[in-house]
Structure formats: structure tokens, C-alpha cells
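Peer 1: Spelled out from the first residue to the last, the chains are:
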Amino acid sequence: MNTPDPHDFLAVDRDLSEEERAIRDTVRDYSRTELLPHVADWFDEGTIADPRGVAKGFGALGVFGMHLSGYGCAGTNAVSYGLACRELEAVDSGLRSFVSVQGSLAMTAIHRYGSEEQRQEWLPPMAGGDAIGCFGLTEPDSGSDPGSMRTRARRDGSDWVLSGTKMWITNGSIADVAIVWAATDEGIRGFLVPRGTPGFSANVIHKKLSLRASITSELVLDEVRLPDAARLPAADGLRAPLSCLSEARYGIVWGAAGAARACLEATLDYTGSRVQFGRPISGFQLTQRKLADMLVDVNQSMLTALQIGRLKDAGQAHHSHISFGKMANVRAAQRVAALARGLHGANGVTLEYPVMRHMANLESVATYEGTEEVHALTLGQTLTGVPAFR
Amino acid sequence: MNIVVCVKQVPDTATERKLRSDDKTLDRDAADGVINELDEYAVEEALKLKEAHGGEAAVTVLTMGPAKATETIRKALAMGADKAVHLTDDALHGSDALSTSYAMAQALGRIGFDLVVLGSESTDARTGVLAAMLAERLGVAQLTQAKKVEVSGTSIAVERVTEYGYDKVEATLPAVVSVVEKINEPRYPSFKGIMAAKKKPVETLSVADAGIAADQVGLAGAWSEVAEFAAAPPRGAGTIVKGDGDGGTKTADFLVTKKFI
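Residue numbers (UniProt numbering), protein chains in the order written: chain R, 1 to 390; chain H, 1 to 261.
No lab work stands behind these hints: they were computed from the structure.
Built from N, CA and C at the ideal position, the CB exists for glycine as well.
Every clue listed holds true.
Simulated coverage check for chain H against chain R, where a stretch passes if three residues somewhere in it have a Cβ under 8 Å from a Cβ of chain R:
1. 67-76
2. 194-204
Below, computed lysine-lysine pairings styled on DSSO-like, alpha-carbon distance capped at 27 Å:
3. H/Lys192 with R/Lys56
4. H/Lys148 with H/Lys83
5. R/Lys56 with H/Lys198
Just some of the chain H residues that point at chain R, by a computed CB distance under 7 Å:
6. Tyr188
7. Pro189
8. Ser190
9. Phe191
Assemble the whole structure, with the sequences as input and the hints as a guide.
Peer 2: Here it is in C-alpha cells:
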């Protein structure tokens, strides 16, 4: 009997198909070789130095919209997409966010709710990384309660005129197209707003303490005039953006497991070589207790991700399954990152080691795409049949 | 143009590699198999040559190895090769460089080629002789240690890396080229490539299919034999050069003795 692999203790990856394994290995290899060497600097500088270059690299691999079909998308299954998210977030949550926003939010919105013309125009360049998209739902005063949004779209002849502000928009200031959700007299509708449309601007949000290797923006819409052809014709109400968010959250379920695994790996490495009182600190009982707790969290979250992925590929993933995974796995990753940070001692607070970067990133991951409270309420509603949101 | 890339599955260099105690061959089950690193460069070069020919070329992957070497074939197909031939047979187990070159030459003769490309050595056996042996057995030109390859019509020119720089070597196709890591930067397989690789044809050849005499390959047919093996001794303490204003000179003298300068 072989000793379990510390990096995949429960052999969660054992039953992956050859194709899933190849995709995992390609993303792992790419992220570690092309992204990991730069990510601490990006985090330090609070930006991605060459976001278009990063997008081109992702596009060449086929990560953007990889589980969508047609229009230049790779058309993989959901588990493969999850594995890609896991390997990307093992490097940095900001990189997984880049892919989530492009593929799961912007491209899914167009793929699912767009007209054929909109799909033809935007999906191939977005899949290839030649065009960058962002997704504007959250507002300064409208987060967990998106129905309270103040951004309005009013009819003016055959056109629409949009006014309002969107907040915490990943890649907003570099996007070629923004998917903007606005309230109309008929309910919430989605619009494609190309970069440079008069009245539309984006401001970078500075001074973040989390997701620093990611570009976050505010979108300002000041009487932005759009033809009706810019509206997503099949998006009919709040359900449309929420369904896109469910896709992105699915990526987070896997990504959080990746961040947790990276923290455990870094800690195994560090505690195995850090000598105090004459021996590696990994040999002390108090360290081993923490390593064991981390191991359990990492492996349970990987199992949770794979199970939800298999349900999704079978067409049986309920949105509350995704809520379960997001709540459980992000919480687990936060526990693992905090222990990892502590076990690294003073070294753990620097960017020489990945642990506090992950720990800080996970603060955003815990709140965006549905806070833990919202997911707990979703699970509560599914269990009891009683919605307790308001 | 028919380009055949020879690739080898080797144990991951990041893991501990072992020999089997029974027949002193590589323990292929003890470590994950990966494509030999220099063979990735060979695949990349073959794909670039194909692209330079406006697609008027086909790239075939040839590997000799056990059943699990299909993973390595898939990787090369995912990068963009068109089809593959897998030479696999229990009789091949334990072949040395000379008998491997015989078996591969038989397979290459059956496949047909204008150009054979391979890495200049493998990370497991590290003999670095296969390209020369293949060329000799096939009776074609050998252009080894290439850091640049250009094909024009039926002529081929390479820059061959030497200790002091490089030689320009030319030949007429067909030819065998071995490449070094300076030649290119291998591409990552795209997800579309990975998905398409499943559907690309992989032909399996046995010893009999390839017209290989079974008694000339495998452990019995090998011309060399591993007599014994031992774990590498731990690293020595190294040499400490104490400088007394002349540290630079002493260091330079040491490097001269090692032929670094």
C-alpha cells in the first residue's frame, strides 16, 4: 500500500478522464511557468502589468468560455472548467477572477441571452482573448439585494438611454465591452455597452487590500444612448444576471479549493525546512495538528467541488448545490489560509511566500458573488421552503 | 512533406527515479510518465515546419514504449500533430540504444518519411546517440544538435551547436534531425487541441507488424547490459576558495581547470 500523496491525499483526481487530466496539467503547467513568477509583483503593484497579454495567453489556451459551445469556445465539460479554475486560483484568486468574469459572466450572458449577431460579434474575439468583457450588476448601494439597483434604462424612440453607476467591476477599465444590467419599466434588462460609447466611463479602484493582482473598476453611465440591438433580447428579469453569477460561483467552488491546496503545499514546504529548537517545526505536535486540520479542509473542499462538477455535467446541479459549495469551500479556504499564515511566522506576512496573499484574496472571494449570509439563506430556503431574505 | 517526430515517455524528472531490482531496467510504474522534454521541442519544430509549408505537410508522432505511453502520444497530438504510431510489444522491453534504433528504423521504414525530428537526448537513458544510429540504419543524412532548422524544397540546413559556437550543416532530404532546447519555445496544448487529440488516428504496431526480428530487441537482443547499479553518493563538501585579494584570480583558475572559461 502506497503512502497517500500529500498533494492529493484522498486521490480526488483518480477518476478524472484522460482529457480532464490533460486540461488540469496544461493549466497547472501554464500557471506555474507563465503567471506564478509575476503574481507577487502584480499584487505588490496593485495591478496586472499587461492584462491584454495575460488575456491573449488565456485565449490561446482556450480558458475563456471553455465550457461554452461554438463561437470559438473549446466546449469542455464543467469538471474541466472547474479544474482550470482550481489550478488558476492555486496561483492567485485574481487570475481566476479574470477568467470567471470573462467566461462565466460576460460570455455566458451573451451566449445565453444574446442575439445571434451579438454572439457572432463578441464571442469569438472574447474566447481568443482579443476582446475583454466585464459584467456590471453590483452598485455602490446595491450588493446582496441587486433588485434595488438604481441604474435605469429608459426608452427614447427606438433607443435606450442608460444612467447609473456600477461598482466593484473586475476588468471594467480595460474592457472592450461591458454587460450592464439596468432597471426598466418592464423589469431588469441587460445591455452591451462597447468601450468608448459617449457618456460611458470607467475608473480604477485603488487602495484595495485584497485581489491586488486584479483590476477593479467603477463604471459610470451618464445618459448613455444605445440602440435596441445592444439589448440582450432573451434576458427577461433579474433571473438572467443571477444565472450568470451561478456559473461564476461554480468556478469559485473549485478555485477556493485550489487556493487552499496552495496554502497547504506552501506550509508543508516551509514547516519542513524551518528549524527551531533544533528540528523542523513540522515535527512539533502543535504544527501537526494544524497541518492535519488543513489537510482535511483541503481534501473535503476538493471532493465537494468534484461532486458538484459531476452533478453539473449530469445536468443535476441545483443553484443551491453551488451555494453549498461556495459557502463551504471559501470558508474552508479561509481557515486553511489563516493557519498557513500563522505557521509561516513573520515570513508569512511577506510576498516572498504566497500565504498572506491568498488569505487577503479570500476576503474578497468570501463576499463577492454572494456573501456567505446569502448562500446560507439560499440553503435555508431550499431546506425549509421558506425564503428568509427580507 | 512527411515529418515524423520521435517522442519518448520518460519518468518525471521531478520525482524519484528507480531501476527495477529484477532485470535492472527502468521502473516505469514508480513514477509518472511525461514526454521527454527535448522531444517537446522536436514536436514544436515539426509543427513550425508544417506551418511554414502552408500546411502542405503531415506530422506523425512515433513512440516506442508500453501501453501507458499513449499519454505522451496524446500530448503531442494535442499540441497539433496529425496522427501517431505506437510501437508497443512486450518483446521490446529492455531494449538498449542499438536495438531501439533498429526497432525504430523498422517502424520509420514502414511509415515513410522525408524528415525525422527528435530530441537530442532523453532525460532517462541520456545516451544521446539515437539520432545518429537512426540515420545510419536508414541510410540518410544526420543533422544533430540543431538549434535552427530550415527546409527549402528538398534541401535542409541546420545550425548545429558545438562547444565553441555552431556549425552550418546542409543536406538533402530525407534526413534525421535532433534538436536542442535553444531551437524554440514549445507551445502549450490548447483545450481545443486536447479535445481534438482524442479523435486523431493512433496506429498500434507490434514487433511482427513492423517486421522487427524479436530476437534482436528487448533484453535478450540488447548489445549492452546493466551489470550493476547503486544509489548516487551524497554530494561532496565542495571546494572553498579563500580570497586574500586574489579571490577573483583563484576562482578564474578553478573555472579554467573545469573548462568553463
